Structures are given as C-alpha cells and as structure tokens.
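There are 2 protein chains.
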Amino acid sequence: MKYMAKKEAVKENKNELGVTAEKDEFSEWFTQLMIKADLADYTKVSGCIVFKPTAWAIWEKIVSLVNERIKKFGVKNVCFPLLIPESLLIREKEHLKGFTPEVAWVTEAGNTKLNERLAVRPTSEAIMYDSFSRWIRSWRDLPLKYNQWSNVIRWEFKHPTPFLRTREFVFNEGHTVYATKEEAEDERKQIIEMYNEICKDYLALPSLIGKKSDKEKFAGAVYTESLEFFMPNGKATQGPDFHFDGQNFSKAYDISFLDKDEKKQYAWQNTWAISTRMLGVMFAMHSDNKGLILPPKAAPNKIVIVPIFFDDTKENVLKKAKEIELKLKEYEPILDSRNEYNPGFKYNEWELKGIPVRIEIGPKDLEKDSCVVVRRDNNKKEIVKFKEVNKKVGEILEDIQKALFEKAKKLLDGAIVQLDSKQEMKKAIENRRIVFAPLSNNAECEDLLKFESGGAKVLNIPEEQPKNLDKSKCIVCGKKADYFAYIGKSY
Amino acid sequence: MKYMAKKEAVKENKNELGVTAEKDEFSEWFTQLMIKADLADYTKVSGCIVFKPTAWAIWEKIVSLVNERIKKFGVKNVCFPLLIPESLLIREKEHLKGFTPEVAWVTEAGNTKLNERLAVRPTSEAIMYDSFSRWIRSWRDLPLKYNQWSNVIRWEFKHPTPFLRTREFVFNEGHTVYATKEEAEDERKQIIEMYNEICKDYLALPSLIGKKSDKEKFAGAVYTESLEFFMPNGKATQGPDFHFDGQNFSKAYDISFLDKDEKKQYAWQNTWAISTRMLGVMFAMHSDNKGLILPPKAAPNKIVIVPIFFDDTKENVLKKAKEIELKLKEYEPILDSRNEYNPGFKYNEWELKGIPVRIEIGPKDLEKDSCVVVRRDNNKKEIVKFKEVNKKVGEILEDIQKALFEKAKKLLDGAIVQLDSKQEMKKAIENRRIVFAPLSNNAECEDLLKFESGGAKVLNIPEEQPKNLDKSKCIVCGKKADYFAYIGKSY
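Residue numbers (this note's numbering), protein chains in the order written: chain A, 1 to 491; chain X, 1 to 491.
Hint data in this document are derived by calculation from the structure and do not stem from the laboratory.
All values reported here derive from a predicted model rather than from experimental measurement.
Among the hints, erroneous ones may be present.
What the hints assert, rightly or not - With a straight-line cut-off of 25 Å between C-alpha atoms, the simulated SDA-like cross-links for lysine to any residue are: (1) A/LYS346 <-> X/ASN111; (2) A/LYS113 <-> X/ASN111; (3) A/LYS322 <-> A/LYS392; (4) A/LYS329 <-> X/ARG69; (5) A/LYS200 <-> A/TRP149; (6) A/LYS113 <-> X/PHE157.
To be verified - Output of the computed footprint for chain X on chain A, the stretches with three or more beta carbons under 8 Å from beta carbons of chain X: (7) 44 to 51; (8) 358 to 371.
Using N, Cα and C, we set each Cβ at its ideal position, and we do this for glycine too.
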C-alpha cells in the first residue's frame, strides 16, 4: 500500500484496499494478507521470502524473549559455520536420511570445483557435535549448554506458503549435553514451558502439547515433544519442539567424557527450537478480512494516532496529537500526520497493517478535551478524556491481548473431537476437525491412517491420557491401543 | 583450558598455560590466543571458525549498540534470502567483478541439479535492490532505510586468520535509498560517527577516518569512507565503512520513482557495515602474552571472584564471596568456587580469558573486612574494604577502559610518519609504520606503490588535508599530488 502514488492509492482505496479474499479461502486470503499488510514479499529465489520490518521486528522480539530466558538457564549463545562438509553430515544415519532429500549443496567456489560438497545447513547437529567431541573430555565440562540463532535451508519441493513453509527459515537451535540421562530429560519441562509461555502470553496462541509418534519424531531423536497449533483453515501446524536425543548423536560423533571414576561415558543430549514459522501461525490465527490483527504484546507499534484537520485547525490538532504521542511513548505510537492522504485512507491502511489501537483527534474532540479510541480486533469505539487516555489505552491493550487468546482457544477446543472408530475419524477430518483417538504405536497404522484420511497424521500424544485407554482399541488395526493421539491434517 | 581433566590441567598449568608465543610473533600468538582464551575454534570447513560464547556475546553487544542507534535514525531491520540467483548478481558490472571470484555457488538441491546457480550471498545488494525496484514507486516511498544482519560467504583463497580473515563472517548491511544526492550524502557523517563512537567508547579502538582511493573503494560505489585500525603487528585493517553508491545501483536495478512533478527519477543510495572482524582487531590490540585483555565495556563478565579457602574456612569465605557477588551484580561477576582447582590455577585461567578485574578473598581478608582487587591490564593489586568495593571497582573498570584506549591511541599515533619521497616510504613500510604521503589519484601509481613497497596500499584519505598539499608532488609519479593518503600493509 504505502508504495503508491496518490492517484493510484485513492483508486485502490475504493477498489482493492483490505484483503479481497474471504478468510475461508485460506491460501488466497493468507497470501494477500502477507503482501497487503506489508509483512513479507516474494523474491526471485523460489520458496524464499523477504521478512519486512513489521514481521522481522516481531521475530526480534521473540528472539529477545528466548534469549532472556535461556540465559537464566545457563545457556550460552554461539555461532557455528553455515556450511557443513558432506562427510560430517552422513555420520548419524537416521539424521542423514531425514535431511538429505532437502539439502542445498555448494559445489563450486569462485571458478574452482570443491573436492567435497558442502551442505548449506538444514540444521547444525553435524557441525556442532564434531566440535563438541573435541571440547568435551571430562565430567567437569558438563553440562554444556549452547544455543545458536540460525538461518537454514531445507529445499522442500512441496508448495511453499510464506512463513509457514519456506525453503529458508530462521530458528534457534538449543544444543545441550549432560552427563546423565536424568539431567537431560529434566530439561524437557523447562524448555517446553518456556516456549509455551512465549506462544501463550505474547503471541496469544494456545497449543496442544505432547510427544510425537515414533514415525513423526525428529530424525535422530529418541523422542520429540512438540507444541501443535490449530489454524483457522482446519490445518494443524507444528510449532516449537524439544528433542531428547539420548546417546544417538554422542555415539555417532563420539561425544564422550571421563566420569569421576575416570571411566569413559557417552554424553546425553537434547536439542530444541522455535522458528519464524510461528509468525505465520500468529498472523493467520488472529487476522480478518480487513487485514492483519496483532496481539498488542507482539505488535512493534501498539497505537496509531490519526489527526483530523483542515488548514485552519491543523496547528492545534497536531499540537494535541503530539502531546498524546508523548504521553503514550511506551506503546511506540505512530503519529500519521501525512498531508497527502485523508483520514479514511489512513484508517484503512493501519487496520490493514494491524495496529491494535487507533486514536482519532479532530477539532471537535479538542473542544471536549477528548479523543476517540478504536480497537482493531472488534472495532469498538470509545470517547476518552485526554487525562485518562494513558490508563484507558493500557486497559484496552490488555483486553485485546486476552480477547485474542480466548478466541483462539475457543477455536482450538471447538475443533477437537474424541472418537473411537475409523469411519468417524474420516468424517471428522473431512470436516476439518482435530481427532483425538486411540492408536497403536505402529508406523503401518499411521501410514494407513494417512492414506485413508486423505493425508491426516498424528500431531502428538498428550502426557495425560484418558482413563479408558487400557480398554481402548487402535482405530486402524483394532489391536489394543498404546495411546490416545491428536490426529489432523498439518503443514 | 576448561576442557581438561584435573591431572592434565595441572600439568598444563606448569608448562603451557597462557600464550607461549611472544606477541611479536603475531600470527602464532594470535592463533594461540583465540584457542586458549576460548574465543574461537577451527572447524572442518576450511577458513570458517566457531564463535565461542565470549566472542559471540561481545558481537551481540555490538549488534544491540548499532540497533539502538539506527532505530533512532529511522532505519528498520529486515531479512532477505541467503541465496541469490546468478542472473541478479550480474546486473551491476563493477559489483559483479568485485565479488564473483569469491562466490560460493549452490548448484544442487536434494538430488536435483538446479537450472540456475544460486550464490550464497557475499553481500545483499543484488537481492535487496531487485525488491527495492518493485517497492519504490513514488517520492512518498522515500527515504527507505533498511538494515539487515547477515552471515555472508566470501571464499577467499588467501591465508585465513580467525576473525580477521574468514570465509564466513557476520555483518550489518545498512541499505538506504534517498530522493536526492544531498540527502544521501548527509547520511555519511551520521553513520561514520556512530561506528566511530562504538569502536572508540566500547571497544577502546582509535582509528583513521577517511575516503578510500578509487582503486580501493567498494565494488559499485561512487566513494567509500572507512575506519582503518592499526594492529600491534604493524598491519592495518579496514573496519566499518560507508559507501555512497550514487545512482550506480539504482540505474542497474531500476530503482526509480515519480517525483512531486510526476517525473521519473533514479534514486540515490548508500550502504554501510560493521563486521565480526572488529572482534579480532579488539582482541589483537589489547591482549598480551598472558592472554586476553578486554575493555570492561565490551567484556560480558567484568569481574571474577576467587575465594581462597581450606576446609575449615570454606563456609565463611564462600558466604562473603557470595555477598560481594550480589553487591557487584551489575558487572555480571563470575564466582569461581570450584573445588577441583587451586586459586593459582584459577588466577591464570581468568587472566588468560581476559576478565578485567579479579577479586581475591581469603580468611585473612575476612579478618580485615577487605578483599584484594587485581587489574588484568596492569596487574596492580589493591586492598579494598568491603564497604567500598562497589565504588572502587566501578572506578577501576572506568580507568581500565580509558587506559586501554590511550595505549592503543599512542600505538597508532606513534606509527604514523609523514614524508614525501618513495625511498623514505619504502623504509618506513619495512619498519611497520603507517606512511602519510602525497599521491595522485591514479591506479597505476597505486599498483607501483604496492609493488615497490612489498604490498603496502592506500588505507584512506583524511578529509582534513595538510596545508602544503598544493605544493606537494606524488611520491610515485612525481606529478602534482591530489591528496595526502595513509599508506600501509593491511589485512
């Protein structure tokens, strides 16, 4: 929007402002949202996007929230090379299988052909653990808790969607090494709680927390625990996760140490991550046909102030608008005093861009010592006295944050159906629901499930299981079920 | 060091602790410093290092200093793709020539050969400006001020040195676009002052500020202004820089806009950067044969507290040590209460790792309500009363910061010799000095200069020129000089 000459802008203002697709035509709606709300743009590299300032500022916020928290856990940030020699990548067989189909390979530098192909990291286990094996020698070196913020390439050939499925994305890679299995597994709760707090309290996103099935776990992990999110289009998507790797990597990369009895032991490892995909989940979850809606705690600018003036009143109105801007400084307000656009155009633009609260001030408001405060999430207008604007706006922002989470929670809860037959499962999946049903821990059952449901898979398996589990049978093979699992179509 | 079982550690404590090479055998000394002070490590990717926690924490500090400042300038952070299609990279000819010899090329993804080679970005002009050309249409869209923190690959075939010359490094890329030449050039002062402030006040590094010669400027720029640093080994190294690109890129990538008269104009552009190389400059500048020395403002942990205890006194000494740790919280102190190492070993380890101030507390100190405070930079010891420790430590840290800058400034000033003959120049370069001499702005003269001096080049050209410039002749060709330039060997 903001990149248009006035004439085109006014024209577009009539016809095309806002998202013209309905939210239920999800992918067209989501794509328009990305472009028109100025969150991302396509590039000449297929499957890779530009993160524009609003989206990137929100990601930087997530980064700082994670950094603050892991620092308290004693985790230290490091930076490993982007490129990984093929010979390192192939050390851990399962890990290799999981990633090679998607690896981008550097084969030439300048005009020289390289002797060995270098992988653009799809993830950093291989390069990090080669170093860990040299750095860790004694029990004194443990625990070793490192984290890195990485841009990674996974050259998927499926249809890309901005933020949700891109060939390049950014994430944190927590890589921790412990002397004992117990210490390593104790970390799980701490990490999952951290990610859940950030998603819940800042991004206003509820999730389903549980273990992945063996078929769906991370390549190389003993088990994976994930936060799964439910999108308005009826698709689930995997968010942050925690992988307990046991000794799989420590044996493959020889990460061993001398214990206090001078005996050689293999270390126990975890990895954990949150990625830029969460931006897409948040944008998709809260927004509407008028454009972006952001939870105030995630929004870089929580307020926009739009002065309404004519030549004779401009000076006084602007003066007051600046006062309010100063008063509300903590919310990083935008004062939109552009002459070349009319207020109506500005309202639409900032609604499209998801500023949580709009403040309108015109000559009439000045006379009444008040301004008009409008919520982006439900368009409610309120007349607020200048002297109360600080307190009132603070309350409104808190209320928006709460309201968005509750709306998303209702959507999630409403989507889940517990059932115990394959027929019901198929119908429920057709109706874009999340199924909670008994299954046996068995790849064949999951393959069949996927096939017969037209692509649904096990999302995860909650720790707390229904009481009737021991009496329940797998909805696929009919044998005794190992667990109740969440099942759905997923990105 | 910290990755050793006790026995080996004690052994090494006798023989190899600290940097065994003398600082004047620079490259051996610097390499040992990197490894033993635990700042970086080599990897299986030749020319690429791991940034270990201390080094990376200092880089993160630099990042936050830059981000704070550019936000005030109205610059917004974005994130563009890592990979750049070859067809985009070749648009600006000079730019292309500058980088292609060093580009790492992705040619395969999974098992598929790509139709077009993708460059791992050596810098992001090509991919950013392709987007800018679509985003910028009207004078309303200007100025556009974006920045990105990028990891880049430049596959140099020269001998790599950790931090100072590595095939992968990280930097900020400021890319700003203006409607007029004047606005664009006005940005120069703001950016150069920002970089100079950070280098001077935080990294304690003085520099020579000036324009690059046409031969040495950035590939694609109209002119380049740089901060040049002088290292203890007599080599200069280029630090942060600012490039005025004029309309070179805007014409190559069609970054044009309609001005207020609806006339098409090409935009004016700048780019500016500071890189992880500055870490190497800072480590090299301040450190000594005992190991790392860090300016307190750059050090992640400014203090280490080493309690000296025997079994009977341990409890009381530790109690007091914890009190002091709490008192000095703002300096992120390390309390080294490990049982498995003796105090002498700990002193050496933390000196090696460059903690600016060490506090020793033993039973005798307790009796006197005092502790011993030791400076890393000059080893001066002071007995300080507990009640004064906060104030005193603050003063000492400030004094260390000042002292390190003054030492570096003296080294730089002492290295510069102004002269006006080629013979003197050659001698001075042999003696590892920086020469300030008259030159003509002429690539042939610079080639000859480089050849005859055994590799010296023009570092930069200060804005303020000697009064006798108009009477001065180029020390190479003897014709009227265009400027006095700083000349030296450089990384």
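Against the structure, the hints come out as follows:
no., hint, result
1, A/LYS346 <-> X/ASN111, "50 Å, violated"
2, A/LYS113 <-> X/ASN111, "18 Å, holds"
3, A/LYS322 <-> A/LYS392, "18 Å, holds"
4, A/LYS329 <-> X/ARG69, "17 Å, holds"
5, A/LYS200 <-> A/TRP149, "22 Å, holds"
6, A/LYS113 <-> X/PHE157, "13 Å, holds"
7, 44 to 51, "holds (count 6)"
8, 358 to 371, "violated (count 0)"
When the structure is compared with the earlier hints, violations turn up for hints 1 and 8 and for no others.
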